[in-house]
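Undergrad: Chains R and W supply the protein sequences, listed in that same order. So in full-length UniProt numbering, the last one in the first sequence is 239, and the numbering has no gaps at all. So in full-length UniProt numbering, the last one in the second sequence is 239, and the numbering has no gaps at all.
It is possible that part of the hints are untrue.
Identical copies go unnamed one by one, so any copy, or any two together, can satisfy a pair.
In silico BS3-like links for lysine-lysine, alpha-carbon gap of 30 Å or less [stated by the list, open to error]: (1) Lys205 - Lys3; (2) Lys96 - Lys196; (3) Lys21 - Lys148; (4) Lys196 - Lys117; (5) Lys235 - Lys223; (6) Lys21 - Lys223; (7) Lys117 - Lys92; (8) Lys167 - Lys206; (9) Lys3 - Lys196; (10) Lys197 - Lys134; (11) Lys206 - Lys235; (12) Lys3 - Lys206; (13) Lys92 - Lys21; (14) Lys197 - Lys3; (15) Lys92 - Lys134; (16) Lys205 - Lys117; (17) Lys167 - Lys205; (18) Lys206 - Lys117; (19) Lys188 - Lys150; (20) Lys21 - Lys197; (21) Lys92 - Lys3.
Hints listed in this document are in silico derivations from the structure and should not be mistaken for laboratory results. Computed from a predicted structure; not experimentally measured.
Residue-level listing of the chains:
There are 2 protein chains.
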Amino acid sequence: MHKRNLEVCLTPALLHLYDFKASIVVVIDIFRATSSICYGIENGAEAIIPVATVEACESYRHSEFLLAAERNGEVVAGFDFGNSPFSYIREKVDGKTIVLTTTNGTHAINLSRGASKIVIGSFLNITALCNWLKTQPNDVLLLCSGWKDKVNLEDSLFAGGVVHLLKDEDYHLDDSGIATEDLYNLAKADLNAYLKKTSHSERLKKLGIEEDIAFCLNLDVTKSIPVLDGERLVKMELE
Amino acid sequence: MHKRNLEVCLTPALLHLYDFKASIVVVIDIFRATSSICYGIENGAEAIIPVATVEACESYRHSEFLLAAERNGEVVAGFDFGNSPFSYIREKVDGKTIVLTTTNGTHAINLSRGASKIVIGSFLNITALCNWLKTQPNDVLLLCSGWKDKVNLEDSLFAGGVVHLLKDEDYHLDDSGIATEDLYNLAKADLNAYLKKTSHSERLKKLGIEEDIAFCLNLDVTKSIPVLDGERLVKMELE
């Protein structure tokens with residue numbers, strides 16, 4: 001296999017700098033959209049439809065779909081649920097299609113359209129994801145959703161975790177990949193403790209979602225890789 | 001003093017996310033523009049005029065000014081010099097005004113206009129810069145020039161070094177500040193060795209500027225803080 005590029009785009013605001021037409025884009029929004037998408041797909045959700053706006057989500061109101069809308073960390077009034085992973089348990093999502101809009105994650109997914117393939121990453125499926133990436137000939141772009149276009153530490157750490165797991169494969173890394181892997185190595189012994197020093201963590205604590213946070217930092221709870229198929233995120237069929 | 005914000009903008013492409021009207025912006029382009037500006041001002045340059053384009057630099061051709069133009073790491077043909085720090089020694093610049101355009105650094109300076117104050121940082125003046133920042137009531141935004149709007153490691157490391165030196169002052173850090181300080185702590189024992197693993201470093205090696213690189217990583221060779229006064233970077237008068 002030729003030497004592939006493995007790059008890290010630290011926020012969607014930098015995505016225009018990357019040529020990702022032939023790449024696999026891994027969308028990352030650890031707290032909590034992509035963690036919940038991985039968990040929901042693992043738990044039997046038929047599909048998750050990422051939409052950009054609350055209005056677009058609302059337009060599915062009279063369908064059989066579940067509607068999930070989060071803004072600024074909270075469930076939008078009138079919606080079934082937001083992006084807490086505990087809303088994506090088997091009892092709630094098995095066999096269902098969910099329409100989802102979030103502050104950062106679904107925005108990043110939509111910006112990635114045009115990539116060779118768009119997949120969803122989180123600590124929950126990190127090893128399954130990396131094992132699959134290794135088998136693919138494509139360059140890889142890890143797209144951190146960030147927080148309102150600013151860089152955040154949890155998405156950066158996950159990108160670094162992927163770099164760490166792929167490193168033996170001899171990808172060509174960019175500076176962001178080198179930096180995030182070093183941060184991941186610093187933090188990996190206790191991701192939650194490391195992230196406690198961020199301001200983001202204080203904000204999330206105010207939202208009362210510490211259990212969500214702890215859950216989203218579990219490695220390898222799931223094996224599914226959500227992949228975008230048209231408008232729908234579905235479970236990738238692995239050979 | 002109230003609790004000040006200390007934020008790190010990892011590339012000029014993210015500057016629009018920050019409200020810096022009341023802030024001190026520290027412009028950072030370690031390889032090599034801001035290192036050379038610090039060195040030139042320390043060595044008696046009367047002023048350095050940062051301009052955006054080679055054409056703007058050319059327009060000063062028939063003045064008494066020295067003309068410095070760099071693009072893609074090389075001196076532009078027909079110009080006195082580019083951004084090698086060794087062009088900014090006392091014998092060459094004492095008492096002179098230099099008009100300078102570079103790939104990344106002068107772009108970042110120009111984008112920062114509108115800040116309360118714009119100053120120039122590099123490892124060469126890091127302690128002098130931080131000692132001065134401590135005395136100022138303003139929020140601080142560390143602006144990494146990056147490489148063509150992408151994040152680079154050397155500018156990020158310097159930002160982390162500033163965070164490290166200011167940390168006892170109880171600034172409020174953002175996630176980029178936390179991340180870059182951790183990277184600086186990893187790298188500080190041997191900055192040059194740490195940076196050797198970057199792809200940027202390979203590119204710079206091809207340019208034959210390893211001596212420049214090594215020089216730009218020296219701490220506290222200078223004490224001057226270049227500050228933008230109208231169109232000119234001049235030596236800040238410290239009390």
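Undergrad: Are the hints correct? Go through all of them and say.
TA: Now the hints, each set against the structure:
| no. | hint | result |
| --- | --- | --- |
| 1 | Lys205 - Lys3 | between (42 Å within a copy, 21 Å between copies) |
| 2 | Lys96 - Lys196 | neither (35 Å within a copy, 51 Å between copies) |
| 3 | Lys21 - Lys148 | both (24 Å within a copy, 20 Å between copies) |
| 4 | Lys196 - Lys117 | neither (33 Å within a copy, 33 Å between copies) |
| 5 | Lys235 - Lys223 | within (10 Å within a copy, 59 Å between copies) |
| 6 | Lys21 - Lys223 | within (26 Å within a copy, 48 Å between copies) |
| 7 | Lys117 - Lys92 | within (28 Å within a copy, 55 Å between copies) |
| 8 | Lys167 - Lys206 | between (37 Å within a copy, 25 Å between copies) |
| 9 | Lys3 - Lys196 | between (37 Å within a copy, 20 Å between copies) |
| 10 | Lys197 - Lys134 | between (33 Å within a copy, 22 Å between copies) |
| 11 | Lys206 - Lys235 | neither (33 Å within a copy, 45 Å between copies) |
| 12 | Lys3 - Lys206 | between (45 Å within a copy, 20 Å between copies) |
| 13 | Lys92 - Lys21 | neither (36 Å within a copy, 48 Å between copies) |
| 14 | Lys197 - Lys3 | between (37 Å within a copy, 17 Å between copies) |
| 15 | Lys92 - Lys134 | neither (33 Å within a copy, 54 Å between copies) |
| 16 | Lys205 - Lys117 | neither (34 Å within a copy, 35 Å between copies) |
| 17 | Lys167 - Lys205 | between (34 Å within a copy, 24 Å between copies) |
| 18 | Lys206 - Lys117 | neither (36 Å within a copy, 34 Å between copies) |
| 19 | Lys188 - Lys150 | both (23 Å within a copy, 26 Å between copies) |
| 20 | Lys21 - Lys197 | between (36 Å within a copy, 27 Å between copies) |
| 21 | Lys92 - Lys3 | neither (43 Å within a copy, 45 Å between copies) |
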